[in-house]
Amino acid sequence: MNKSDLLMAVYIGGILFLVYLPMAHMIVFSFNTLPLLYYPFQGWSLRWYNAFINDPGLIGSLQNSIIQAGITTVVTVAVSASTALALRRRFPLHDAFFYMILLGMIYPGVTLGLTNLVVDIRVFNIPLSIWTVSSTLSVWTVPFGLLILMMRFDPNLSRYEEAARTHRASEWKVFTNITFPLIRTELIVVALFAFTMALGEVFRSTFVSSLTAPVLPVLLLSTLGTKPPTPEYFALGTVITVVSLSAILIGGAILVRRGGLVTKR
Amino acid sequence: MDGPSKLVVQGLTKRFGKVVAVNEVSFEIRDGEFFVIIGPSGCGKTTSLRCVAGLETPDSGSIRVSGSDIGNMPVYKRDVCIVFQDLALFAHMNVFDNVSFGLRMMGYPKDRIEKEVNEVLRLVRLEGLGDRRITELSGGQKQRVALARSLVLKPSILLFDEPIGGSEPELRDRMLGEIKDLHRRLGFTALYVTHDQEQAMRLADRIMVMNQGSIEQIGTPEEVYLNPATLFVAKFVGDINLVRGKVASIDSNEKRVEVETEVGTFLAPIREDVIVGEPVAYAVRPEKPLVGKDAANCANKFHAKLKDRIYRGSNLEYVFELPNGDEFKVLLAEEPATRIEIGEEAILGCRIEDSVVISKSSVIEGLDIDRVTLGE
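Chains as they are written, first to last, in my numbering: chain A, 1 to 265; chain B, 266 to 641.
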């Protein structure tokens, strides 16, 4: 190993250490017998997993979060995909439309949550639920989805669609046979992105989450204010991490096998 | 070729904002005819083709295929196919799925699709390559897949949008030969768009020359080459020598026009659009003039000084300077009997039947023919 290889190894090691140390810490201390988030590590137990599984409030909010993130993902994929496809054509106020959608990305989170609260409750008289969270978060996730799609679309997509049209494909068949298969990889990327954003978002959710059935980040933030945290949170974090990691790995494996993502056309 | 009309386009106009891409264009293509639209980029040839396919919506005009108006028909219902400039083969499908695409969209049964696709693959010499991915094919194979994808549908009209523009010359020649051969064997009706006059000459039964959205001339390759309607056509299709002058007299008995120029008086076959006293150009293709002793029997004789001699392998290009300072090019198969040295004067001769008199620059009003960028 020469000098630059060594330097590279140290550098990569350092980065991995910084990224994964907190995660490793979380996983290890989720198994601690003591209600401590740090040393000393007393011994291995599933005590906190047990506690979290038997905590109906926590489990309920996790469920709410997953459903909410699922709804937000579906909305984000559908809206950003149809918008990105439409924006390939020129139409009146094309640019204004584009920038107005992007606004959702830079709009301050707290303000977005607060104004949605006011509009939902006062203007439309809608009770707060996972749906109000989803509708608020979608305003924020859609522009990210849109940007990802617009950057990654195959530049020849429109040509392929035209070719399909002149070879007997109706608009619907053009979409199912050409457009969708060619943007599927990008849609998966957007879905992963939107799900992650929606699952973890606190600020935008706080104002529009139901008080009786909150989403997980909102519940955690509110309990943190009243009682000290225990390794139960670490157990919860470990479960979420393991589940998401395996989902991403499986998704990634499928993408790589289809030749997407890395080896791009 | 005098078959019934397959495609009738009448008064086709298409604007993009303020730009008129196609301006009141009308033409007919007969059944089984190979029709080529040629013109510089931006002349409206591709837009015309896209209007026929339905990929552009014309602002006015009618398009009829086999007698029925297809103006309001959605693209996929029109009985036409395009072989695209960049081929636009579906990258996520293999060769078989590309070629079978249209048949699958029409919902044909599997065994029939397989039979017809294999037949077409054999026709374009891609037998056994059905499983190949598009990325694994050579340039020529890709072109044949694109051709097969359209041919398999047996469309009323096969549209070609410069599918073999950027290829290397050898490959291009082979593909042109194959397209011509397939046309002879299958007898399809073709509308082919290109900016390349060589391709047009080689493929066309008739050529339509377009310029700035309008038609300059429609005719057989011979008519367009030997009797160009305008200076634009003369210059766009091949090389030509022009001597400017005006019409001195018209002899309707002998069917001749006499053109008076600074170089001398020339005789050319009569044309309807010529008026006595009007400015015209006397024109002759560079391979037509005779040099030295051979020129003796020509009706049109004049002196010119040899400026340059370019050896081109298959022929010799002699560049002469006329007394008025203009250049006059002559292509010769071999050196003339008496060799002419650079700087020497020689006698040139042009036969009447090789001469043309052209009275219009272009169908476009006020077009400065010398400033038009020709070709690509």
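Some hints could be false.
[Unchecked claim] Each computed DSBU-like pair below joins lysine-lysine, with the alpha-carbon atoms no more than 30 Å apart:
1. B/K380 <-> B/K283
2. B/K625 <-> B/K594
3. A/K173 <-> B/K625
4. B/K511 <-> B/K625
5. B/K558 <-> A/K173
6. B/K572 <-> B/K520
7. A/K173 <-> B/K407
8. A/K173 <-> B/K342
9. B/K558 <-> B/K520
10. B/K445 <-> B/K407
11. B/K558 <-> B/K570
12. B/K342 <-> B/K419
13. B/K407 <-> B/K500
14. B/K625 <-> B/K520
15. B/K594 <-> A/K173
[Said to hold, decoys possible] To spell it out: a stretch of chain B is covered by chain A in this simulated footprint if at least three of its residues, at any positions, have a beta carbon under 8 Å from a beta carbon of chain A; those stretches are:
16. 412 to 426
17. 471 to 478
[Said to hold, decoys possible] Interface residues of chain B toward chain A, partial, derived using beta-carbon atoms under 8 Å:
18. M370
19. Y373
20. P544
Quick caveat, the hints were computed from the structure, so don't treat them as lab data.
Beta carbons are placed, not taken as given, at the ideal position from N, Cα and C, and that holds for glycine.
Pairwise hint evaluation, B/K419 against B/K342, where the allowed Cα distance is 30 Å at most: Roughly 14 Å between the alpha carbons, so the hint for B/K342 and B/K419 holds.
Next pair to validate is B/K558 with A/K173; report whether the Cα-Cα distance is within 30 Å. Violated. B/K558 to A/K173 sits at ~71 Å, over the 30 Å cutoff.
Would you say the segment 471 to 478 of chain B counts as covered by chain A, given the rule of at least 3 residues with C-beta under 8 Å? Answer violated; 0 residues pass the 8 Å Cβ test.
Satisfaction of the B/P544 interface hint, Cβ to chain A closer than 8 Å: violated, 45 Å
Does the structure keep B/K511 and B/K625 at a Cα separation of 30 Å or less? The given pair, whose Cα atoms are some 12 Å apart, holds under the 30 Å limit.
With a cut-off of 30 Å on the C-alpha distance, tell me whether B/K558 and B/K520 pass. holds, 27 Å
Compare the distance between the alpha carbons of B/K407 and B/K500 with 30 Å, and conclude whether the hinted pair is satisfied. Violated: B/K407 and B/K500 sit about 34 Å apart, past 30 Å.
Holds or violated: are the alpha carbons of A/K173 and B/K625 at most 30 Å from each other? violated, 50 Å
Restraint check for A/K173 with B/K407, where alpha carbons must lie at most 30 Å apart: holds, 24 Å
What's the verdict on B/K625 and B/K520, does the C-alpha distance respect the 30 Å limit or exceed it? Given pair B/K625, B/K520 holds - Cα atoms ~20 Å apart, limit 30 Å.
For the pair supplied as a hint, B/K572 and B/K520, confirm whether the alpha-carbon distance does not exceed 30 Å. violated, 35 Å
Proposed proximity, B/K283 with B/K380 (alpha carbon, max 30 Å): The hint is violated at about 49 Å.
Going down the numbered hints, you'll see the structure goes against 1, 3, 5, 6, 13, 15, 17, 19 and 20, while the others check out.
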